[in-house]
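Participant: Please work from the sequences and hints to get the whole structure.
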Amino acid sequence: MIKAVRGTRDLLPPETALWNFVESAARDVFRAYNFQEIRTPIFEETQLFARSVGEETDIVSKEMYTWEDGGGSADQELLDAWLRTHFREVTKLVQPQEFPTAGRSQRTRYGPSVQVEWNGSWTLVRARYGAKNQDLRHLVQHGNAWREMHGGKPVSLLLVTARGSVPEAFTTIARTMGIVVDELELRVEAPQFLTLRPENTAGVVRAYIEHNLENRGLNKLFYIGPQFRRERPQKGRYRQFYQIGAEIIGPRHSGSDKPLRDAEILEMLDTLLRRLGIRNPTLHLNSVGCAADRAVYNEALRAALAPVVIQMCADCQRRAVTNPLRVFDCKVPGDQPIIEKLPLIKNYLDKDCQEHFDNVKALLRAAGVSFIPNDRLVRGLDYYSRTAFEFTHGALGAQNAILGGGRYDGLSESLGGPPAPGIGFAMGEDRLVLALQDQTPTILGGPDAFIAPIGEGMNREAIKLAKELREKKVIVELGDRSFRLKKLLETASKVGARYAIIVGEDETNADIFKVKDLITGEQISVPRAELPQKLQSGRSQGRSS
RNA sequence: GUGGGAGUAGCUCAACUGGCAGAGCACCGGACUGUGGCUCCGGUUGUUGCGGGUUCGAUUCCCGUCUCCCACCCCA
968 MIKAVRGTRD LLPPETALWN FVESAARDVF RAYNFQEIRT PIFEETQLFA
1018 RSVGEETDIV SKEMYTWEDG GGSADQELLD AWLRTHFREV TKLVQPQEFP
1068 TAGRSQRTRY GPSVQVEWNG SWTLVRARYG AKNQDLRHLV QHGNAWREMH
1118 GGKPVSLLLV TARGSVPEAF TTIARTMGIV VDELELRVEA PQFLTLRPEN
1168 TAGVVRAYIE HNLENRGLNK LFYIGPQFRR ERPQKGRYRQ FYQIGAEIIG
1218 PRHSGSDKPL RDAEILEMLD TLLRRLGIRN PTLHLNSVGC AADRAVYNEA
1268 LRAALAPVVI QMCADCQRRA VTNPLRVFDC KVPGDQPIIE KLPLIKNYLD
1318 KDCQEHFDNV KALLRAAGVS FIPNDRLVRG LDYYSRTAFE FTHGALGAQN
1368 AILGGGRYDG LSESLGGPPA PGIGFAMGED RLVLALQDQT PTILGGPDAF
1418 IAPIGEGMNR EAIKLAKELR EKKVIVELGD RSFRLKKLLE TASKVGARYA
1468 IIVGEDETNA DIFKVKDLIT GEQISVPRAE LPQKLQSGRS QGRSS
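Every letter in the first sequence is one number past the one before it in the working numbering, and letter 365, counting from 1, is 1332.
These are calculated hints, taken from the structure and not from any lab test.
Beta carbons are placed, not taken as given, at the ideal position from N, Cα and C, and that holds for glycine.
Watch out, some of these pointers could steer you wrong.
Straight-line Cα separation of at most 30 Å, BS3-like style, residue types lysine-lysine; simulated pairs [as the list claims (entries may be wrong)]:
{"id": "1", "residue 1": "K1461", "residue 2": "K1501"}
{"id": "2", "residue 1": "K1501", "residue 2": "K1431"}
{"id": "3", "residue 1": "K1454", "residue 2": "K1439"}
{"id": "4", "residue 1": "K1501", "residue 2": "K1453"}
{"id": "5", "residue 1": "K1481", "residue 2": "K1501"}
{"id": "6", "residue 1": "K1434", "residue 2": "K1501"}
{"id": "7", "residue 1": "K1313", "residue 2": "K1328"}
{"id": "8", "residue 1": "K1454", "residue 2": "K1501"}
{"id": "9", "residue 1": "K1481", "residue 2": "K1434"}
{"id": "10", "residue 1": "K1461", "residue 2": "K1431"}
{"id": "11", "residue 1": "K1481", "residue 2": "K1440"}
{"id": "12", "residue 1": "K1453", "residue 2": "K1434"}
{"id": "13", "residue 1": "K1461", "residue 2": "K970"}
{"id": "14", "residue 1": "K1461", "residue 2": "K1481"}
{"id": "15", "residue 1": "K1461", "residue 2": "K1440"}
{"id": "16", "residue 1": "K1328", "residue 2": "K1225"}
{"id": "17", "residue 1": "K1313", "residue 2": "K1298"}
{"id": "18", "residue 1": "K1328", "residue 2": "K1308"}
{"id": "19", "residue 1": "K1313", "residue 2": "K1225"}
{"id": "20", "residue 1": "K1454", "residue 2": "K1440"}
{"id": "21", "residue 1": "K970", "residue 2": "K1029"}
{"id": "22", "residue 1": "K1298", "residue 2": "K1308"}
{"id": "23", "residue 1": "K1298", "residue 2": "K1328"}
{"id": "24", "residue 1": "K1461", "residue 2": "K1434"}
Quick list of simulated restraints, FRET-style, between CB atoms [said to hold, decoys possible]:
{"id": "25", "residue 1": "E1489", "residue 2": "A1368", "range": "45 to 53 Å"}
{"id": "26", "residue 1": "A1368", "residue 2": "V972", "range": "24 to 32 Å"}
{"id": "27", "residue 1": "G1463", "residue 2": "N1367", "range": "31 to 39 Å"}
{"id": "28", "residue 1": "N1326", "residue 2": "W1034", "range": "38 to 46 Å"}
{"id": "29", "residue 1": "N1367", "residue 2": "N1326", "range": "27 to 35 Å"}
{"id": "30", "residue 1": "N1367", "residue 2": "K970", "range": "27 to 35 Å"}
{"id": "31", "residue 1": "E1307", "residue 2": "L978", "range": "39 to 47 Å"}
{"id": "32", "residue 1": "A1368", "residue 2": "N987", "range": "21 to 29 Å"}
{"id": "33", "residue 1": "P1200", "residue 2": "P1386", "range": "33 to 41 Å"}
{"id": "34", "residue 1": "G1412", "residue 2": "D995", "range": "18 to 26 Å"}
Facilitator: Structure, rendered in structure tokens:
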């Protein structure tokens, strides 16, 4: 039997009613704040996410669905031929899996890579279809490890590019590291590397740049849709998951960088969560400063950790090296005294960032939105700056965060666009629905009426009547006369119809139908013209469809 | 990716140390051929997740694998 693949699932009625409830409440609220919908493609060029989310983040390095689209095979042949010509004395080939930097990140490779040993020196051959800054960053970060792996032998880098153009700066910096860069231009069609979107902000910013949305001034955009991450599934965490998010983005002169926008979006979220009926939504708020502040802070944090890290738990020792900010997430009691003495980002904010943060807080107080300043709140994605926030709700333990977001003032530039400060959030719809299910039972309305035709030819009358009623916005389920009346009424109550309409020969001739109330059991006769009004009067208030 | 738990009817779950695979709910038919719910009678519930092994015999024991759940990693 074919089953839904791991980490994906079907959303079935009646649960889908709850999803629709959440989405329409969100649309309503967004409308009131003048947000408009944007729909971006479900897959994008891999580079978009690598550059915005951050190449070294877990999302990009191991959790994306990436594949090669088009091209590819022909250039691999050319590359093989080139290798045979230029490395006649090839002594060893190292497959990508064996690279020192490979491991988990290999899943997101950008092109065929192979290492060749020749005359006692090593060459890393990477076909990356146009060397960009990512290659350089990668080289700087891993160049030394790479050399060490080969016992200090000389190493060189051969970039195989489909479109030529290795930036000069790239070659220069590589040379200072003792790495020689050669370039081979293959005139073949380059394959594209595509990725199912792991989040939607990058796509929105890409669209902003591509369509010059800066000309519209301040853009207030929202999206609702599926995202994809190749994580280990867990409750409320799926490989295809749904996010509802919104962004305020625009050129600086539109005021998109102002604290007012931070406050507006946070107040909107508070309103939305309350509208949805989330109990005790709690806003955790912090400022992570700008890029420069964070670099300084990161160093300070590393310096502070260095002497004490040895006393901490194994996880923290690892975090201290890979991602010091995450040390703050540690829950081991023994580590807490150490963590409490670590430097906090708030002491490293420059004047503008501090002022921005103070303003946001003042505006929130004015708007009556309560919040908890949280010095330890950090965001994992590279593009965040200044305001960072998270909403949690009372229950649900470790997974009580239902949305997160923040400001991303430099993102557009890093994607090659104009300056476009922005702030946004993304809400995990799966978890939100889960939380709502915990606190309220699903309500699903049945049809207003069930038409029960009895006797020869009555199906024709029934379908006619059904069309007539449906045009008048009556929700109608249609029965089939080949079943006995007993069966029809049974079905009518099973589907949750409020009324059953009996359509027989006598009724049709007189144009007066018997209408049975399936809750009270009462039965009355209603002239055809009065049917719509009578049937709709039975609607209960809890009806959600 | 790591560690732990669980997979038996559509659903919720039984089956003592290895001995004919069961109950409730739901579903279908009838009692009742133009009047549902209640009641009564009858019926199907099935590759015990999948594959292999041990055994006269495996839902049960062993190995592999898949999926889900929980925790970790990480995180909107």
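Participant: State, for the Cβ atoms of A1368 and N987, whether the hinted interval 21 to 29 Å holds or is violated.
Facilitator: holds (24 Å)
Participant: Keeping to a limit of 30 Å between CA atoms, is the pair of K1461 and K1481 held or broken?
Facilitator: holds (19 Å)
Participant: Measure nothing beyond the straight line between the CA atoms of K1481 and K1501; if it is 30 Å or shorter, mark the hint as holding.
Facilitator: Within the cut-off at roughly 12 Å; holds.
Participant: Take the C-alpha atoms of K1481 and K1440, compute the straight-line distance between them, and say whether it is at most 30 Å.
Facilitator: holds (20 Å)
Participant: Within 33 to 41 Å: is that where the Cβ-Cβ distance between P1200 and P1386 falls?
Facilitator: Since the Cβ atoms of P1200 and P1386 sit about 39 Å apart, the hinted range of 33 to 41 Å holds.
Participant: Against the 30 Å threshold, does the CA-CA distance of K1328 and K1308 hold or violate the hint?
Facilitator: holds (25 Å)
Participant: Please test the hint of 39 to 47 Å on the beta carbon pair from E1307 and L978.
Facilitator: Given about 43 Å between the Cβ atoms, the range holds.
Participant: Can you confirm whether the C-alpha distance between K1313 and K1298 stays at or below 30 Å?
Facilitator: holds (22 Å)
Participant: Using the beta carbons of A1368 and V972, state whether their distance is inside 24 to 32 Å or not.
Facilitator: Once the Cβ atoms are compared, 26 Å apart, the range 24 to 32 Å for V972 and A1368 holds.
Participant: Checking one constraint from the list: CA of K1481 to CA of K1434, max 30 Å. Satisfied?
Facilitator: Between K1481 and K1434 the Cα gap is close to 18 Å, so the pair holds against 30 Å.
Participant: Just to be sure I understand the hint, the distance between the Cβ atoms of G1412 and D995 should be within 18 to 26 Å; is that true here?
Facilitator: Distance hint for G1412, D995 holds at roughly 19 Å.
Participant: For N1326 and W1034, compare the CB-CB distance with the range 38 to 46 Å and indicate the outcome.
Facilitator: holds (45 Å)
The structure meets every hint from the earlier list without exception.
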